[in-house]
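Build the full structure now, drawing on both the sequences and the hints.
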Amino acid sequence: MSHCRSPSAAAYSTSAQQEIGVLGVPLHHGQRKLGVEDAPKLLREAKLLDQIRGLGYTVKDFGDVRVEGEKDVNENNMLESDIVGKTNKNIRDAVAEVLRSGRVSLNLGGDHSFSIGTVTGHALATHSDVAVIWVDAHADINTPSSSESGNIHGMPVSFLLYEMAPYVVKPKAFEWVQPCVHKENFAYIALRDVDSYERYFIDQLGITVYDMAEIDRLGIRNVVQRILNKINPTGTKSLHVSFDIDSLDKMVAPSTGTPVMGGLTLREGLVIAEEVSNSGQLKVLDLAEVNLRLGSKEDAERTLDCSLKLVDAFFGSQRKGNLPLRVDEKIVGVQDEFPAGRNKPKAV
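For the sequence shown, this note's numbering gives the first residue as 1252, with consecutive numbering after it.
Since the hints were derived computationally from the structure, they do not count as laboratory data. Predicted, not measured: the structure shown is a model, and the values here were computed from it. Virtual Cβ for every residue (Gly too), placed ideally from N, Cα, C. Misleading hints may appear alongside valid ones.
Derived pair list, reagent style DSSO-like, types lysine-lysine, alpha-carbon separation capped at 27 Å [unchecked claim]: (1) K1581 <-> K1560; (2) K1311 <-> K1292; (3) K1423 <-> K1337; (4) K1421 <-> K1284; (5) K1284 <-> K1560; (6) K1322 <-> K1284; (7) K1488 <-> K1311; (8) K1534 <-> K1581.
With beta-carbon atoms standing in for the labels, derived distance ranges [stated by the list, open to error]: (9) T1485 <-> R1351: 22 to 28 Å; (10) T1485 <-> K1311: 27 to 33 Å; (11) R1518 <-> R1477: 14 to 20 Å; (12) H1433 <-> R1317: 29 to 35 Å; (13) R1570 <-> N1327: 42 to 48 Å.
Below, the structure written as structure tokens:
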């Protein structure tokens, strides 16, 4: 008679999990609505770091990046260009420090202009090709000359892609920025509010895009798998996910500066996070544009809850439940075989 062994306590240990470094980026100057700068503090107060520790990670809080620069400097149709440019340089250096310490970098924004610093810091630390998944309702690829608003949170991708360099004239505070991502290593998920010149740049460069129509057609799991195979086919590039909370539908996560109807459900957002987590490739995660001052108390609570669930899922939280970090033998006992009367699991 054959017997099936039960898993040992050691089999459930996650003590070898990677370490995570957390950075707060209280930057709001890339757009015009106050409140987004509060998100790092509010996410910490909501026990985000403890939730991640509960998944078996060692978490070090590196604190908030210093926001600095001269106010009301608007160069090249870029509002608050001095503050956004100088602060992003600080962000670059801080992210590079986290990565060089051997940790995954979790960056809590802040408006989405802060990803200029996070992606350039990622490239600076790894000295290699970086693969980027940009999850957003908006393309954020306007140049200073194509932008109708002058808001820098709508421009970061134009500063990051090598192929966009001919279109971008940098103001003084951005002279340090060097493109660091090839278009073939970059992909969008969840676009649905794209300006005409953004569409022009995307089409001219042939950037990979899975907008909401494509997600409806293909299904979100298929989309994420296709993207990973396209931008990081060998799995050897360092993966960066920049997640704007407005990628979720306005009814799902309403407390954000530029919400758009027709977006991702929370379930679809979780699938993105789970597929990225399962790939084992994630090195940097940005969470952008959470603004809990906007909307009702219920709107803010719903948006905060979505944010916490998404970050957890990127770091391995499973909807079916996670195993204990280490099995307590006082609870389960020590048994090599299934107890009498318990059916042997069926082969699948």
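Hint check results:
1. K1581 <-> K1560: With Cα atoms ~31 Å apart, K1581 and K1560 exceed 27 Å; violated.
2. K1311 <-> K1292: Distance ~15 Å between K1311 and K1292 Cα, so the pair holds.
3. K1423 <-> K1337: Answer holds: K1423 to K1337 is near 10 Å, not above 27 Å.
4. K1421 <-> K1284: holds (24 Å)
5. K1284 <-> K1560: Judged against 27 Å, a Cα distance of about 25 Å means the pair holds.
6. K1322 <-> K1284: holds (15 Å)
7. K1488 <-> K1311: holds (24 Å)
8. K1534 <-> K1581: Roughly 37 Å between the alpha carbons, so the hint for K1534 and K1581 is violated.
9. T1485 <-> R1351: 22 to 28 Å: This hint holds: roughly 23 Å between Cβ atoms.
10. T1485 <-> K1311: 27 to 33 Å: With a Cβ separation near 30 Å, T1485 and K1311 satisfy 27 to 33 Å, so the hint holds.
11. R1518 <-> R1477: 14 to 20 Å: 19 Å Cβ-Cβ, so the 14 to 20 Å window holds.
12. H1433 <-> R1317: 29 to 35 Å: holds (31 Å)
13. R1570 <-> N1327: 42 to 48 Å: With Cβ atoms ~46 Å apart, the hint holds.
Hints 1 and 8, counting from the list given before, are not met by this structure.
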